[in-house]
Amino acid sequence: MTYIPKPAVRHPGLGANELGLHLRDYEGTISTLCAGCGHDSVTAAIIQAFYELSIPPHRIAKMSGIGCSAKTPAYFVDEAHGFNGVHGRMPALATGANAANKDLYYIGISGDGDSLSIGLGQFCHAIRRNVNMLYVLENNGVYGLTKGQFSASADVGSRSKRGVPNKSEPIDPVALALTLGATFVARGFSGDKQQLLPLLKAGLMHKGFAFLDVISPCVTFNDHVGSTKSYLYTRHHGHELVPVDFVPIRSEISASYEKGSRTSITMHDGSMVRFRKVPEDYDPTDRLSAYEHYRSLQNRGEVVTGLLYLDPGGEDMHDDNATTSTPLAEMAYEDLCPGSEQMDALMEEFR
Amino acid sequence: MSDARLEQADRTNDFAFKIGTVNGTGSASANGLIMQAIFRMGIPCTGKNVFPSNIQGLPTWYEIRVSRDGYSARTPEFDLIVAMNPATYERDIAEVRPGGYLLHDSSWPMTKEFLRDDITFLGVPLGEMCVREFKGARVRILMKNIAYAGALAALLSMDLDVIRGMIQEKFAAKPKLIGSNYKAIELGYDYAMEHFDCPLPIRLETMDATSDHVLMDGNTSAALGCVYAGATVGAWYPITPSTSLMDAFKRFCERFRKDSETGERSFFIAQAEDELAAAGVVVGAGWAGARAFTPTSGPGISLMSEFIGLAYYAEVPSVFVDVQRVGPSTGMPTRTQQGDIAAVAYASHGDTKHIVLFPANPQESFHMAVEAFDLAERFQTPVFLVQDLDIGMNDWMIPKLTWDDSFAPDRGKVLGAAELERIEKFYRYMDVDGDGIPYRSLPGVHPKGAYFTRGSGHTSRGTYTEDADEYTEVMDRLHRKIDSAASEVPSPAIEMREGASVALVTIGSCDGAVREAADILESQGVPVDYMRARGFPFDTLVREFLDAHELNFVVEQNRDAQLKRLLLTETEVDPARLHSVLDYGGFPMSAAFVAGEVAERLGLKVEETRVRPAAEEPEGAVA
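Chains as they are written, first to last, in this note's numbering: chain A, 70 to 420; chain B, 32 to 654.
By construction, these hints were calculated from the structure, which means they are not laboratory data.
Taking beta-carbon pairs under 8 Å as the criterion, some of the chain A residues facing chain B (in silico):
1. His127
2. Arg128
3. Ala149
4. Gly151
5. Leu162
6. Gly165
7. Ala169
8. Gln191
9. Thr393
10. Pro407
11. Gly408
In silico negatives: residues of chain B with every beta carbon more than 10 Å from chain A:
12. Ile124
13. Thr142
14. Gly158
15. Asp221
16. Met238
17. Thr503
18. Glu529
Glycine included, C-beta positions come from ideal geometry on N, C-alpha and C.
Just chain A, with the same shape it has in the complex:
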């Protein structure tokens, strides 16, 4: 964390959004991550996404676990509530918070250690539960804070900074999310903000569990030759499966409609995701097709990116639960307590 106050400089050329807020209003404190860290680029894209979506800052809940990734919620949207909990348990905190107040925008920031090792179970079960949130996994294949141990997402043969190759099979969060039923599965690259931004925006507006894996190189411990999570490797092997645009409901009329758009998917709130240049045999709303496509490209050694699967059905855990429309945390006590008459009647049943 920083002890230096952030200068209140307004970015030139950027006006106010629909709420009259500027990009600056979505920023956080100065990052204390290493210079060049991929996570900082993700943070910048997140700031841009919230700003462009005109989401009121205080209606955002920023959740994280432990690790470099977990620090990043402090670096965006100062006026949002943040919860930096315990290692690998962010999904449980997010589930509980969302259970209590379903009307907030939940963004969870996790890392590959946080999500795929200590928190693998929680990650899987948040998907199963279909918590309405955007879950961003800043994936660098390495434990940064504890100085360079392999994480569970490190590829076989990927070398550590000291040249030691990883021999254990990786856990692939994208494949996992696809098989576990995540209703939105995407992968981005921290070095490609242009691609990342629509993915973040679509993920934030998606109702249900939106999973976004972001290859986010660790400049200090995993950005060398031999690493498969480096900037260079990702640039050389990156394969954007389907370029997408996100069109919020408010700006649909003014949005330019690019030629060659193949698929437009309307989200639960009327906003749209446009898939451009979709391969012939690929249907991003068909889980099996998405999975096959993803696997086949992956087998060719490509780092598949883009919005891979989307179920625009628009249901979440509260729909399953038939939760009342008023957030539970805002219910009046009078509406929750059955009262003395019910108690007296109930007691007769225990005689």
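On the provided structure of chain A, position chain B as indicated by the hints.
Just chain B, lined up with the frame of chain A:
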């Protein structure tokens, strides 16, 4: 009590019996029928389940103590045992007190080696009769249970109309079954009337001591407390013996919290992937402003400890209900113990200390459950409601629960949008009022309320720190905050007796046994004072009570004298004043055990294990 005296004493509405069956055979409903019938006859009674950690096929027992004086503790002295499980004949027969009775299925011959000549064997050909009268293996097994209830009705003089009424109620939705159940009751009843001298000296006689009471277990009442407290989020991972708490919460919520028109539900239950997640859901929900809780047992507390520390340090209201079972490790999941006292008081790593409530019976479980949420929000911290299997899963006779509609929950210091708008700057962990309790804001309410909640070192302003002074300032305030709860938690239950010089000190479900032991001791000339700790941190009354007695017997159900240790650590009482009485084999404590241990320590001869009636001359009672 000597056998001769037992024979002479009036045993009407004052005896204990148990029923040994095989689990998974449907005997629970027959046993419930018997228990409820006694209760409806107006006679005080308590039922204890002694069951295996198993679904089907292992021995299980149901113990009923009938006590016209209202004693509720378990007694290990059985006047009658219904032995329906040949696998436990030997053990059951051995456990009948001399002069007592053994009821068994005489369809098959009893093993000769097991026979005793100091008890009466009552053989009823239950199997044979049911095979004759009913069709189908399952029905025959079920009806055999009802038939032994019928035999007991004759032997103990139960009111048959009460039983018939209950069968009618029970099968109101399936009237076809009423006839067969009546039939089964009559089979047992008629056989017993015809072949034995009914009723036995241990017998029932209608009283009027239960009309203001209900039969309820503590998991049900604690769940009801959660509903009445306004809890909206419950998270859990199934674990014996706490599972029935969430089952009950769900049942009550389906009834009271579901909009009859829209079907919308004002509650959310998360069956989590493990106890870690369950705790996380509770902490997340508490952070976002809902009243949230999780029911669990010892192994769950171990797993939740990390989140408990987070909730303590980040100051998030959260309620943990610990239904204790026998530890350590998996221990004996279906037996009772008070082995988590030390664990919950300081759960989690680092310097932590928690508010803990210790109910002694389902009535207190209800009220303390409500109180737990108030304390959690007032002090912005985890609160533990610690009961045990005995309270949680056994059938207790308690006064009808009542509710005061003027109750308003204490939501603590939560700043609303208007208040946040007015203040210049909000600092989450600042001790504004000097009482150690800071102000809270909830997410989504106002931009000025935003702060970054963290389990890492933080300042009173809510910012990250690694500075010694800034860290210490917050830790010292937390210390003051939790200690100030000592006067807000339920104060100890204290009963002073004329002429007492020693005291019995206890906690939780030992209450019944300890108070009965006090009566036993007094009836034999040794009055003792009594104190039961009900809340932690300890109220100053606890220390004062201990100091006022040269000898305090600390009665609890664990090996390591956890309550005693906690008293020593927290009150700095002179250790010489405390003497442990420990019973930790997994059964609810008995008064005879407590009285015996105390008497031995005092060098007294207390052979009697029952309260001697005051009007009765000791000499005259022995024939």
